[in-house]
Structures are given as C-alpha cells and as structure tokens.
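Line by line, the protein sequences are chains A and B. The first sequence begins at 317 in the numbering used here and counts up by one. The second sequence begins at 547 in the numbering used here and counts up by one.
Derived from the structure by calculation, the hints contain no laboratory data. Take the hints with a grain of salt, since some may be wrong.
[Said to hold, decoys possible] Partial list, derived from the structure: chain A residues whose beta carbon lies under 7 Å from chain B:
#1 321
#2 327
#3 330
#4 376
Only a predicted model underlies this, so the values are computations on that prediction, with no experimental measurement involved. For each residue, glycine too, the CB sits at the ideal point set by N, CA and C.
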Amino acid sequence: MCMAVPSRIVAIDGQTATVEAFGRERQTSLMLLDEEALVGDYVILGAGGNFAAEKVPQETALATLEYLSGVLADGLA
Amino acid sequence: MGFPEAGITVALKVGHGTVRAVEIGSTRLVKAAAMFAGKSPAEVLTILPTLFALCGTAQALTGLEAMEQAGGLFASPATRAARRILVSAEAVAEHGMALARDWPMLMGERPDMETARKFKRTLATVRQHLYPDGDWLTLGGGRLAPDISHLLADIAEAQAAFAHCLGGQVTGLLKDRNTFRAWMTQAPTAIGRMLAQVVSEAQASFGAADLLAMPENGPPDLAERLDGDPDGLYLARPDYRGQVLETGALARNHTHPLVAAILRHEGAGLLARLTARLVDVAAALHEMASLVQDLKAEAAGAARLGSGQGLAATQAARGLLAHRVHLAEGRVSLYRILAPTEWNFHPAGPLARGLTGIRADGDLAARAGLLVAALDPCVTCQVSVEAP
Numbered sequence: 317m318c319m320a321v322p323s324r325i326v327a328i329d330g331q332t333a334t335v336e337a338f339g340r341e342r343q344t345s346l347m348l349l350d351e352e353a354l355v356g357d358y359v360i361l362g363a364g365g366n367f368a369a370e371k372v373p374q375e376t377a378l379a380t381l382e383y384l385s386g387v388l389a390d391g392l393a
Numbered sequence: 547m548g549f550p551e552a553g554i555t556v557a558l559k560v561g562h563g564t565v566r567a568v569e570i571g572s573t574r575l576v577k578a579a580a581m582f583a584g585k586s587p588a589e590v591l592t593i594l595p596t597l598f599a600l601c602g603t604a605q606a607l608t609g610l611e612a613m614e615q616a617g618g619l620f621a622s623p624a625t626r627a628a629r630r631i632l633v634s635a636e637a638v639a640e641h642g643m644a645l646a647r648d649w650p651m652l653m654g655e656r657p658d659m660e661t662a663r664k665f666k667r668t669l670a671t672v673r674q675h676l677y678p679d680g681d682w683l684t685l686g687g688g689r690l691a692p693d694i695s696h697l698l699a700d701i702a703e704a705q706a707a708f709a710h711c712l713g714g715q716v717t718g719l720l721k722d723r724n725t726f727r728a729w730m731t732q733a734p735t736a737i738g739r740m741l742a743q744v745v746s747e748a749q750a751s752f753g754a755a756d757l758l759a760m761p762e763n764g765p766p767d768l769a770e771r772l773d774g775d776p777d778g779l780y781l782a783r784p785d786y787r788g789q790v791l792e793t794g795a796l797a798r799n800h801t802h803p804l805v806a807a808i809l810r811h812e813g814a815g816l817l818a819r820l821t822a823r824l825v826d827v828a829a830a831l832h833e834m835a836s837l838v839q840d841l842k843a844e845a846a847g848a849a850r851l852g853s854g855q856g857l858a859a860t861q862a863a864r865g866l867l868a869h870r871v872h873l874a875e876g877r878v879s880l881y882r883i884l885a886p887t888e889w890n891f892h893p894a895g896p897l898a899r900g901l902t903g904i905r906a907d908g909d910l911a912a913r914a915g916l917l918v919a920a921l922d923p924c925v926t927c928q929v930s931v932e933a934p
C-alpha cells in the first residue's frame, strides 16, 4: 500500500522544509499545504516525498508512527 | 530500522530490438493492515487517514464502510451521498494534481502549482461544507450539515481549474475523437501539447494491450479471496480466475464515446489511458454536482457495532480499493486492504502486458514513463531499460 510516513518538520527555508521520520531526513515542498506549517509540526508527504500534502495533529502522527514501527518490527513489510 | 515507504521498479529487458520481458518489482507493504487486528474500530479510524500518502479519504471511508457493514450499521442515503461526494472530490484532486503539476513536468515544462493548489483545496472545502464539525469519519455518519451554495461554488471552482488545464474549454471537447484531435493540435496548455506529441510521434498505441476491465464493484470472489489469504499472496498479486484485471480511469470509462472511439482506432494504449484520465475528472465533477440534490441535514448516526464481516469496495482515483474486515466483540479480528496498484502494476498486469514485445526504439524509458504516469501508481516508480 501507499503508506505515508508522518514526518516532523525540523527546519524551514522559504517554501522548503527539512522533515524527519525514522531517523531519515529529507526535503519537501510546502507549496501545496493549505495552512501555515512551523518547525515541530507533523506533515504527511505525497508519493516520493517531494510535496507535503497535509498537516496532521501530533497525537495522530505519533499513533501512526507507532503503528508503522509495529509493521516494520513484525516484518509485515 | 527500515523506512516504511515503498516503491515500484519496472525493468524492461531488451533483446533483438524488442522488449523481451518486463520485470516489475514492488516493496509495497501489502500486509500492513493485518496489524489492525486487536484494535477497536475507533483506533483504526484514527490511524487510517494519515497512513496513506494518496487517497487518504477513500482509504478512510472504505475502512469506515467495511467496519459499519461488519458491525451491522447502515448509513443513511444522505450520508452515503456525502461520502461519495468526498471520494469524488478526492479523485478530482488526485487527477488534478497530475494534470497541473506532474504532466507538465513530464513534458519538461513548469508545473502549474496555483492550479494544483486549487484542485487540492476543493477536497478540504467540500469536506468543511458537508461536515462543519469535521466528523466526516464517524461510524454511522457524522453530523451532516450541507451548505449547498458553498458546495456548488466549490465544484464550480474545481470545474474552472479543470477548464484552465484544458485551455478554457471542456464542454463539447471530451465527446468525439475528431473534435478532440483538432483541439490537441492547437491547445495552448501542457496537456494538449503532451497529447499532440503522443499522436505526432505515432505513440498513441504505445503500450496497447487487451483491456480486461475490472467490474465496478470488483471481482465476484473478492471477499472469499481476501479471507483465504493468510500469507498475503493474493494481496501482492491479485487475479480473477487467473486473469489480472485492469482498474482505474480506463476501466471505468471504456464505454465513454470518446474513449471507446480511441480504443477502436488506437487500442488501449497511451492516448486512450491519458484521455480516460481527463474523462474521469469530468465524470467525477459531474457526479459531485448531481449528488448534491441527495444531501440533507442530519444528526450524527448510531455508532454501536455488533460482530460480523464486512467488505467495502470504492472506486478511488486510481481504481478499485477494497477493505475486508472481521469484527468480534468490538475489536478487529481480521483486516485486509487491496489497493488498485496491485492490479495495474502486477507482473502480469496491464503495464507488463502493454510493454512486453514492443519495439525498443526511440526513448523507450521516457515513453514507458509516460505509460506509468497514465496508469498512475500510488507510489514512486523507477523505469530502467536493460540490454543483454
């Protein structure tokens, strides 16, 4: 499935954010977000990670990350 | 620890001037939904919308409907209409982002981010104008309070964004092959230039294969196959009686007059698939507008679930999305998700069938990339050409 990985914004430079998830940092565009994003916010990224698709509440992001950790740990990947 | 984001690889094995074999590899997490076992429906519904990079609304609503069915809950006709509007709005947004952002980039042109934003915003505003409390993902239905005038304005804005992508004309354009071909030769937009290039370079039939169209509600044996799949073999490589069906825009619209005419002349190749995406946007916008009359204000529905089994199948932007759920004593005991990409990018599916045996001339990787974009996987896809 097309799993999204909620990613935490660690830096913002103009319309580009550096985001982190599972110890991996990558850069993503904020151009398609409907609302302002700040460092510390969680976003889900579109396929390939080039564009942030949506901001998600921290509680939901953490629940999803915990679920994904379980998927990896159980070898369901 | 690994990274739970997946992709697809397509390797074209070339020999003696033709593509001898197409090898499709996938690292998609097809069995991940099994981890929902033991969770309550409410816990699943918290995670579902943020778990998917694309089609999160369709994923969440399909899961919701499968759990309602398993638990013996029935949503009202107005709630069902509202949910179909949301799925169509998401399909318009998903296709629209391809039209405004991705297809121009495939042509080496600048993406139209302002129009892409308009398509994407439609889904958010439609959701707000149906469910002002934000409870669209509620068992039995959230509080539906449709703001009809704003909903019609949302749909009109998406229609305008679509017209912008086509150079200002939609009415009459997507009807017959001659009008469409005349339009593409003079269209002032990236989409017109892309289609014109496909035709002028004699690539309209590129990747044509027999169309084995998915039935609207999926194969008749869907529930049985999903139930009997403990190892995830069906989830990874689905079939119906040994055949790998195609799902998505072309399968949905193959009887549309324009698409049917292209299929007759050029087969189920690049031009038919790209055109079917445009027809699919128009169809989704039409469906949204026609469903508005079925809406009415309603209080939130009942949310108490019994035990049982449910199967929900949704026609999402990329095709048939199926969720199979068993509930027992208020908890999920089985959860399986079958996504459209597993059909379309199956090693014996429409992409592989279309590319096997074609002449390996010109820029094969770029053309295959266009075909991949037309079939629209929900993960990244790398195409390589491998000579012996």
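Hints, verified against the model:
The beta carbon of residue 321 of chain A comes within 5 Å of a beta carbon in chain B, closer than 7 Å, and the hint placing it at the interface holds. Interface restraint check for residue 327 of chain A: the shortest CB-CB distance to chain B comes to about 20 Å, outside 7 Å, so the restraint is violated. For the restraint placing residue 330 of chain A at the interface with chain B, the shortest Cβ-Cβ distance is roughly 14 Å, beyond the 7 Å limit, so the hint is violated. Given hint, residue 376 of chain A at the interface with chain B, holds; its Cβ is 5 Å from that chain's nearest Cβ, closer than 7 Å.
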